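With the hints as your guide, set chain L onto chain S.
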Amino acid sequence: MFRLLTVTALIRRGFLHAASYRLNFFGNYLGALLVVVFYYVLAQFYGQARPAALAAYAGDYFTFLLIGGVLARFFSLGFKQFARELEHELAAGTLEPLMVTATPPALALLGPALWTLAEGVVVAGAQLAVGAAFLGADLTRANWPAALALGALTLVAVAGWGALSAAFVLVFKRADPLSWLADVTLYMFAGVYFPVAALPAALQPIAWALPLSHALEGLRLALMRGATLTELWRYGLILAGFAAVLAPVSAWALSAALARARRTGSLGHY
Amino acid sequence: MSPAIDVVDLVHAYPGPRGPVEALRGVALAVPPGEFFGLFGPNGAGKTTFIRVLATLVTPAAGAARVAGWDVRRDAARVRAAIGLVFSNEYSFYGRLTGRQNLEFFGALQNLAPRAARRRAAELLAFFGLERAADAPVQSYSTGMRQKLNVARALLHDPAVVFLDEPTKGLDALTAEALRALLRRELVERQGKTILLTTHDLQEMEQLCDRVAILEAGRLRAVGAPAELAREAGRSVVYRLEVAGPADGLAERLARLPGVLAVEPAAVTGPAAVLDLTFEHAPDADLWRLFADLGLRVVRFGPKEEGLVTALKEFSREVPE
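For the record, the sequence lines run as chains S and L.
The opening position of the first sequence corresponds to residue 1 in this note's numbering, with each subsequent residue numbered one higher.
The opening position of the second sequence corresponds to residue 1001 in this note's numbering, with each subsequent residue numbered one higher.
Just chain L, with the same shape it has in the complex:
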């Protein structure tokens, strides 16, 4: 099966006051269909440029990129028909038009017939829980509502590949969590879409992505599963566990679990205890059974941010300029 995103030696530089500013320096990458892929790196690493090249908004200086089998230079129109792009700027709507009018308009521009555009807009508004606000002007929407509309717009024509440029930026924790669940479960697991995500939220990256690429100063430093990258960077995998109930003796009991290298109490907030568990490898589903055997009431359990941050630092250092 050919990759949904296939990039070879991609190079791009922007003109700057003191000469060209290199944004992408020989990036090569292949993302298979149906994968949730994350692009991770510090500000100015070239993540947005990379997405903009794949979305045909920026023409690369050199190299090749294919999306859904189409070349971004030669078949730009076909690429655009195959992709959905969620912009990091949620103010990219006609504010005086309603959410429904905006979606119907962009649906028409995606070659949907009027009836199909109306139906699809209604479906997506319902899906994102925006029915009640559907006929209110977008300028009256909250940031979260705009961002949901942003994702809805990208899905109007049912694209095979979706680019998400910081989709949860500015969202409150609950809305962000709901959007993440929707992206993972609905778009990737149920609909089989390929997603390329950029975000500064590392937990989001580790939670959502099958694989992650670390981009730094326009160069691809590493590609792999988040836990794999953290491990390759010389770190074991650190997960954060939050449990309800007394914390007495908990660290000792957890330390005896198979695969656990260390347990460090992180905080005790009211009736809950927060601990950082260092594993030899990423834990599997059996761990939940072991937690249950210990009688733990787990409030939250997931990878701690540090894994990818460390990986970024390590991989940035490994490759000389």
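One chain only, chain S, in its complex shape:
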């Protein structure tokens, strides 16, 4: 019960902080809407053509691009936001006050990112809804339960990476290298703008080594073709595997980084 109240307080604090920058706050939503329009305009270059590489998804390029872009943005938050918010707390001098409260250390360290993640879910949903309602994205065959289950597994896996980045911040105070790596691999190899099958054969093994390539592939099949969880078991298994490895590794790394920061007295350093 107390943990739920703490989580709610962390989300509320994030909202109040974000909303205090009014222009930026509403500008972000406008930007999210314009991105959907941008995907639509980009997809118009293909006209009614249906590239062979998209045949597996039984849909058009706009829908393919919308799902890839929207979900990549959201999962990218999972990769980066824990570290980014921790950097902000360090710079603002608020991390130590958080760490001397009755809140468990892991929640105090990762909790500041919860608002952005919660907002990300809403924004992603709204982007998909706008794309479908006004710009013709075809989600009529979507299998939502399968997509949500796969999305949740993906979030656990990317949050694991995100917590690793946070551990990195506790030790090195900046997580830029890990954020950069996450962004580059995500947008170059994970099939955000084009199917992994369209990559040169030599690069495809790199793509399939990333959890997000499997996530986007599985989610597109669920949302565009209506694939069931039974059909998507392979993606689910791979994502569960990533989650099973990344979750304990990141928990260990966070704990070790915190212990180190407490030993060296660097918890409040930035």
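You can trust all of the hints, since none of them are fake.
Covered stretches of chain S, as calculated for chain L (at least 3 residues, CB under 8 Å): (1) 89-98; (2) 103-114; (3) 250-264.
Not everything, but these chain L residues come out facing chain S in the computed CB check (under 8 Å): (4) T1056; (5) T1059; (6) A1077; (7) N1089; (8) Y1091; (9) F1093; (10) Y1094; (11) F1106; (12) L1109; (13) N1111; (14) P1114.
Restraint-style ranges between C-beta atoms, simulated for each label pair: (15) S/V249 / L/R1119: 39 to 47 Å; (16) S/Y270 / L/G1245: 51 to 59 Å; (17) L/D1071 / S/H269: 24 to 32 Å; (18) L/A1292 / S/H269: 53 to 61 Å; (19) L/E1123 / S/V122: 33 to 41 Å; (20) L/D1158 / S/T230: 54 to 62 Å; (21) L/G1129 / S/A91: 24 to 32 Å; (22) S/A91 / L/D1071: 30 to 38 Å.
Just so you know, these hints were derived from the structure itself, not from any lab.
Small disclaimer: the values here were computed from a predicted structure and weren't measured.
Cβ atoms here follow ideal geometry from the backbone N, Cα and C, with glycine treated the same way.
For chain L alone, coordinates are given in the frame of chain S:
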């Protein structure tokens, strides 16, 4: 009754470019519940490290420390629930949030239910005279207001033990005085909390603390009542007296009071006279009656800073490295 703070052979060193830098070297200390305890020493003596160890922000290399009966290593969560920490950095708030929002947020993180957090935040804002600024962003607060909010945050969950790391740093004299009175009267005398204070203001230390520990280069040099330490250091107790009215013959009259060893005029500023009185022992309340008998209009009377400074110098010299 078990001590509120119980420290045994506490050792800690930070990594440095030329090897470990020892911050605490075998500190042992017990502070009973309800005591206002001061930690005093020069910069780099290890005072802040000591508080940070007790607040579970730093894990000690060796030794043991218990706060409110809980071990800082094994029961860190219970220690955190039992303590309030006033940071020396008053910029430790979410500046774009209001004072009320900050307190309600930190209250929730101290496991207060939303209604209780709101009520407690309102109580503390009123108590510290911040009601009118309660709904303004903290970044618009003055240093004094931030520092009051800092103390209010530490009291949200009504902790038994409060650590104050330079709580009056940067405050003007009046605000500092008001905060001191509040800390002593409200928190210790009325609520019975245990307070551990670090400050560079020696008058504050002598005015507030029941006992003081002198920490120097990570070692505890002495522990005792401020006046006791000054006396042990080979000094009698020096108090500064400021009186309104003519100073003619005043020094001679004061010198005849019982327990007074010497009287030295320190300054005459306008209609007021300032004198340093050296006592054999710390004066008691009877002295006020004697002042009244002499017809003195006392503006200010309190220990002069030199007592603890001398004690620090003396005790630092006594213990060889």
